[in-house]
Each structure stands twice: as structure tokens, then as C-alpha cells.
Amino acid sequence: MAYIKKSKYIYSLISFLLIVFALIFVFWAKTRKVQDEDIISYPIVYYNQVDTLVSADYIFQNEGLNQPSAVRSIPGTNEFVVLDKGNICLYIFTKYGEFVRMMGRQGQGPGDLWFPFYMNVDSEGNIYVYEWRNLRISIFSKEGKFIDLFRIPKELGYGFYSSSYGFSIADNGEIVLNMPHAGYYFSIYSKDGSLLREFGEVPIVTTTQRGRMNIHYAEGFPFKHKNGNYYIFLSQMGSVKIFNDKGIFIKEHLLDIPEVEANLKKITELIKKERINYIGIYFTEVIMHNDLFYLMVRMHAPKGKKVGNKYIEKLMVYVLDENLEIKKKIIMPDFWYYDNCPDVTVARQFSLWKRFCLLNDKEEIIIPNFYESQIIKYGAKK
1 MAYIKKSKYI YSLISFLLIV FALIFVFWAK TRKVQDEDII SYPIVYYNQV DTLVSADYIF
61 QNEGLNQPSA VRSIPGTNEF VVLDKGNICL YIFTKYGEFV RMMGRQGQGP GDLWFPFYMN
121 VDSEGNIYVY EWRNLRISIF SKEGKFIDLF RIPKELGYGF YSSSYGFSIA DNGEIVLNMP
181 HAGYYFSIYS KDGSLLREFG EVPIVTTTQR GRMNIHYAEG FPFKHKNGNY YIFLSQMGSV
241 KIFNDKGIFI KEHLLDIPEV EANLKKITEL IKKERINYIG IYFTEVIMHN DLFYLMVRMH
301 APKGKKVGNK YIEKLMVYVL DENLEIKKKI IMPDFWYYDN CPDVTVARQF SLWKRFCLLN
361 DKEEIIIPNF YESQIIKYGA KK
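The numbering of the sequence shown is our numbering, which starts it at 1 and goes up by one.
Among the hints, a few may not be true.
What the hints assert, rightly or not - Label-pair restraints from in silico Cβ distances: (1) Glu201 with Asn66: 15 to 25 Å; (2) Ser55 with Gln106: 22 to 32 Å; (3) Ile59 with Lys145: 17 to 27 Å; (4) Asp192 with Gln49: 34 to 44 Å; (5) Phe249 with Glu372: 23 to 33 Å.
FYI, nobody ran anything at the bench for these hints, they're computed from the structure.
Here a beta-carbon is modelled for each residue, glycine too, at the ideal position from N, C-alpha and C.
Take these sequences, add in the hints, and give me the full structure.
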């Protein structure tokens, strides 16, 4: 009889504990769901390829695209401009991918280009090109006419191996450069090439090696927002420094982006294993459109899926407001990049040309395919 009572007691205790554990699990699951909803408070949109705007087979003026490295839409028109690194020139196409005109050729004279590495467009449609070899900014009209040029004393970004050669043109006509070799995060020029001011001093580091690394970590994509503040998205740090209109530092904001944390973890593993320096490329491009920042983030995957000599690559575009709050996440389809540079570092192979732009207010994205010499349009899945 005592045995039966003891068994019933044990059974009741076990049942009670199971009920308690079940209640705890339900409470934990609900709490976690609420936390997850708090974390992911922005919409996620999946994009796919909509069209090949300019194919590698499209021949115009007895030539075609040859390593297109950047693209920008031209305000006030239905056209976009392509910076072609291989042909060393600019091409303008209609929004349907029809050739309109070409400007620039290799050289050092006015209207020529030499190692053109980056470009941007102002509100009037004028095109500004940064020439790494000539150390200058050349300016063209949207009609294809050469306007002017001016020299700059230092390279933009870190230099030839930079992941970003950032500069932008503010609504008031200021040309906002990131020239850390000059000692500042921001160098502000006028259209005629006059240096207006510099601010955001890059901390001085004494030794040569640490000095190089310090400059590298100070490179990024600079902007002046209509709110008057200056922003620089530091491509090696995963953060944004903000200065007011007087050039006074306000704060540094670490972006709450999961891929940045994943990249940091991957980079740390690679550095420990392969002793790689200068590999922390978080942002491949940042643009400002309708007062919002569009930030392209890539995932490092050097040991990922491989077919032949190609690796898979993940790209996301985050849309941020002036407070750097995420308003939307765009997940791009898988990209492939070629492992055709065995003689260079993994860090150099990571410096891909993913210079995208928005084609219109529908947030259609066009990206130059550097390796296959074509321009692709992407849009939200229907």
C-alpha cells in the first residue's frame, strides 16, 4: 500500500514538473517571438533579375562594354551613365539600355580620363569622375561636353587597393571628398576646385604600418544631408561618423546590421588562419536617394560554394533614414564572382566593383556586371 502511494506521489510530481516546464517553454517561446519582432521591425523585400539592360553582345560605335565598374542615373532625364574601366570612358544609355553617347578617352588632357575609379552625378545631371592616376576630378555635362577639371593633393580613400573612392555632390554644389591621406575624413571643394574646408581629423598614428592601417580604416562614402549634417559610412568599420554643418563631430553610430557582425566574425577567423590584412570591406557602395541612404552590404564567402572558378556571393541593400534607422532590407539574388586572380591576396579579390544605382522611384536597381560586361536591372519579386 505504501508503495502504491509513493508511486502516485512520484507520478503526480512528474506530471506537475512537466506542466511547469511546458508553461515555461510556452512563455519563453512567446517572449522570444516578441523579441524577434522587436529586432526585425522593418520589411524585407526579395529582388530578382528583371532585365539585362545592356548585354555583352550589344555593339555600338564598333565597340561594346568592357568592364563596366559604376553606374548612375541622370536626374531630369530617362538616362543613366556607365563608367567603363576597360574602355576608359563614359557611356550614356536610355533607361531601356539604348546607346546615346560616349565621352572621354584615355589620356591626361582636358576631357581625357586615366584610371577612372569612381563617379557621381549632381542634381543638374553633371557627371564628376575621379581619376586615380591623374589625381583629379573631371566634370562633364549630361550632354557629353567636357566642363572643367581640378587637381586634388591626395588619393581618395586608401588608394589603389581601396574598397571605396567615395565622394558625393551636395544639393548646394559642394563636392564632398573622403581624402584621409590629407588627414581628414571630409575635404569640401567647390565646383571650380577651390578647397573650402576640411574637418574630421584622422587620429595620428606614429608607426608606418599602423599609420597605413589607420588611413585604411578612415576611408568611406561621405555625404551632406539636407538636414545640414555630414555623414561618412566607414567601409572598413561598419559604422557611420556624423558631423554638423560647422564640421563639429556629433557621434559615431555602429550600424545594427546582422551581416556586419557576421563579416567581422569571418574576417577574424581569416586573419587568424591566413594572416590577412585590410580585409574588412563591409559596404561596397552607398548612395543617397530621396534623402534616404541605400547601403549595399556583401557577405564574405571565400570558402563558400564554388563552381569551376566562380564563388557565390550574397548581397543585401539596407535603406536607412537620416537617423540611421533601418527602413527596409532588400535581399538581392545570388551573385557569382570569379576566382581568377590566384596571385593576389584574398583581400584584393574582395574589392569587387558593385557600384549600383536606383533607376527610378520604384526602387529598381541597376548593377554593372564587371566580369561579364553587362548592365543588369533588378526589381522586387511579384
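To see whether the hints hold, each was checked on the structure:
Between Glu201 and Asn66 the C-beta distance comes to about 40 Å, which lies outside the given range of 15 to 25 Å. For the pair Ser55 and Gln106, the beta carbons lie near 24 Å from each other, so the given range of 22 to 32 Å is met. One distance hint, 17 to 27 Å for the beta-carbon pair Ile59 and Lys145, holds here, with the actual separation near 25 Å. The hinted range of 34 to 44 Å is satisfied by Asp192 and Gln49, whose Cβ atoms lie roughly 42 Å apart.
As the Cβ distance of Phe249 to Glu372 is approximately 43 Å, the hint placing it in 23 to 33 Å is violated.
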